[in-house]
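S.K.: Quick mapping for you: the protein sequence lines, in order, are chains A and B. Numbering of the first sequence is given in this note's numbering, commencing with residue 7 and proceeding in unit increments. Numbering of the second sequence is given in this note's numbering, commencing with residue 2 and proceeding in unit increments.
Be aware that one or more of the hints could be misleading.
[Said to hold, decoys possible] Below, simulated EDC-like cross-link-like pairs (lysine to aspartate or glutamate); rule was C-alpha separation at most 20 Å, straight line:
1. Lys-118(B) / Asp-121(A)
2. Lys-118(B) / Asp-66(B)
3. Lys-153(A) / Glu-77(B)
4. Lys-147(B) / Asp-189(A)
5. Lys-68(A) / Asp-95(A)
6. Lys-153(A) / Glu-87(B)
7. Lys-185(A) / Asp-66(B)
8. Lys-153(A) / Glu-111(B)
9. Lys-147(B) / Asp-121(A)
[Claimed, not checked] Some, not all, of what chain A presents toward chain B, calculated at C-beta under 7 Å:
10. Pro-80
11. Glu-92
12. Tyr-122
13. Phe-125
These aren't lab readings, by the way, just hints derived from the structure by calculation. Every value quoted in this text rests on a predicted model; they were computed, and no experiment measured them. Just so you know, even glycine gets a beta-carbon here, dropped at the ideal spot from N, CA and C.
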Amino acid sequence: MKKYYLPLAALVLIALVWFGVLGFLGTGNGTFHGDEYRRPAFDFSLTDHRSQKFSLSDHTGKVILLNFGFTNCPDVCPTTLGMLGEVLDLVGDERAMALFITVDPERDTVSKLGDYIPFFHGSIVGLTGSEQAIKQVNDACGTLYSKEQETLEDDYLVIHSPAVYLIGPGGEIMLRYPKEKLDPGKIADDVKRLLL
Amino acid sequence: MTMKKTLLVFLFFLLAAPFARGEAGISVKDPWVRQNPPGTLVTAAYMVIENPGATADELLSVSCDCSAEASIHVIEMGEDSMVMKEVPSIAVPPGASVGLSPGGSHLMLEGLSGDIKDNVVLELKFRSGARISVKAPVLSPQAAQKRSHHH
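Using the sequences provided together with the hints, build the complete structure.
M.R.: Structural data, given as structure tokens:
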């Protein structure tokens, strides 16, 4: 009978620590505007709209807002990019960064992004890469995208997530902003808090 | 006597009412078009359509002097994706106003004649036969952001 006490006590201790950690994480995020979305740190390498190699791991310590889209998108993508530009202005800190990753690498070449991105904000970074590399970033964020064939032969849209993801200073995905939470003032507050 | 007079006046207004409503037809407020980013020939137009009348109306088609094509789109949310869908029309119920706004229902303009600026002219056709032509300012991303805070 007595030999069961030790493992039982250990189990209780582990449970206490575990729930304590969970509780701490929970209260720590209670006041963010974005939805808590904990995903482990990850890395990717793509090419930016100035033809430079961009690796996420080169930007540890920054707070990064990540959004997926494509340049042929008439409504949602430009709306989100305009919003992200405003967030960068509101935060006014070089440690805040906004990334636009194309889900249409076939058409969105570096030069196409080079024309497109600066129109919204001088500091937003547009990224493209191989089909596989882009899928990996989407997988890491838990997002899906797919081509939708339009009536005109070469004119298609890409169905994708409208959400913005916040990557914390440690490289982990921390928060997710669904469409209805894309408020520049509130997102800027979250970013500022994380940069304190 | 006065009673009869009041009744007559009342009757007059009762009969005139439908015509009065017919005059206060459908209208378009606050139209604007998103400036197309360099290298793209597609954008969207937004506005508020008001129907003060007593009969339902419907936006059937749109055209713009700036684009080869214009169509009506709504957005359908999936679990974690959104799909823009072309629809044949948008209902404007009596006494209601329908907003076409960023990230929601909008008019998609495809095959733009080039980089648009200043103003464009949109023409809207309704089931009631109403045809409305509006001049819509072209807004930069920054101007569009400012605008979204005031509305």
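S.K.: A separate judgement is required for each hint: does it hold in the structure or not?
M.R.: Going through the hints against the structure:
1. Taking the CA atoms of Lys-118(B) and Asp-121(A), the gap is near 17 Å; set against the 20 Å cutoff, the hint holds.
2. Between the alpha carbons of Lys-118(B) and Asp-66(B) the distance comes to roughly 12 Å, so the proposed pair stays at or under 20 Å and holds.
3. Simply put, Lys-153(A) and Glu-77(B) have alpha-carbon atoms about 16 Å apart, close enough for the 20 Å limit, and the pair holds.
4. Distance check on the hinted pair: Lys-147(B) and Asp-189(A) sit about 13 Å apart at the alpha-carbon level, within 20 Å; holds.
5. For the suggested pair Lys-68(A) and Asp-95(A), the alpha carbons sit about 16 Å apart, so the restraint of at most 20 Å is met.
6. A hinted pair counts as satisfied when its Cα atoms are at most 20 Å apart, and Lys-153(A) with Glu-87(B) qualifies at roughly 16 Å.
7. A threshold of 20 Å between alpha carbons decides the hint, and for Lys-185(A) with Asp-66(B) the separation of about 31 Å lies outside it, so the pair is violated.
8. Simply put, Lys-153(A) and Glu-111(B) have alpha-carbon atoms about 18 Å apart, close enough for the 20 Å limit, and the pair holds.
9. Restraint check for Lys-147(B) and Asp-121(A): the C-alpha separation of about 23 Å exceeds 20 Å, so the hint is violated.
10. Interface restraint check for Pro-80(A): the shortest CB-CB distance to chain B comes to about 5 Å, inside 7 Å, so the restraint holds.
11. The interface hint given for Glu-92(A) holds, since its Cβ lies 5 Å from the closest Cβ of chain B, which is under the 7 Å cut-off.
12. Interface hint at Tyr-122(A): satisfied, since its Cβ lies 5 Å from the closest Cβ of chain B, which is below the 7 Å cut-off.
13. At a threshold of 7 Å, the smallest CB-CB gap from Phe-125(A) to chain B is about 4 Å, leaving the interface hint in force.
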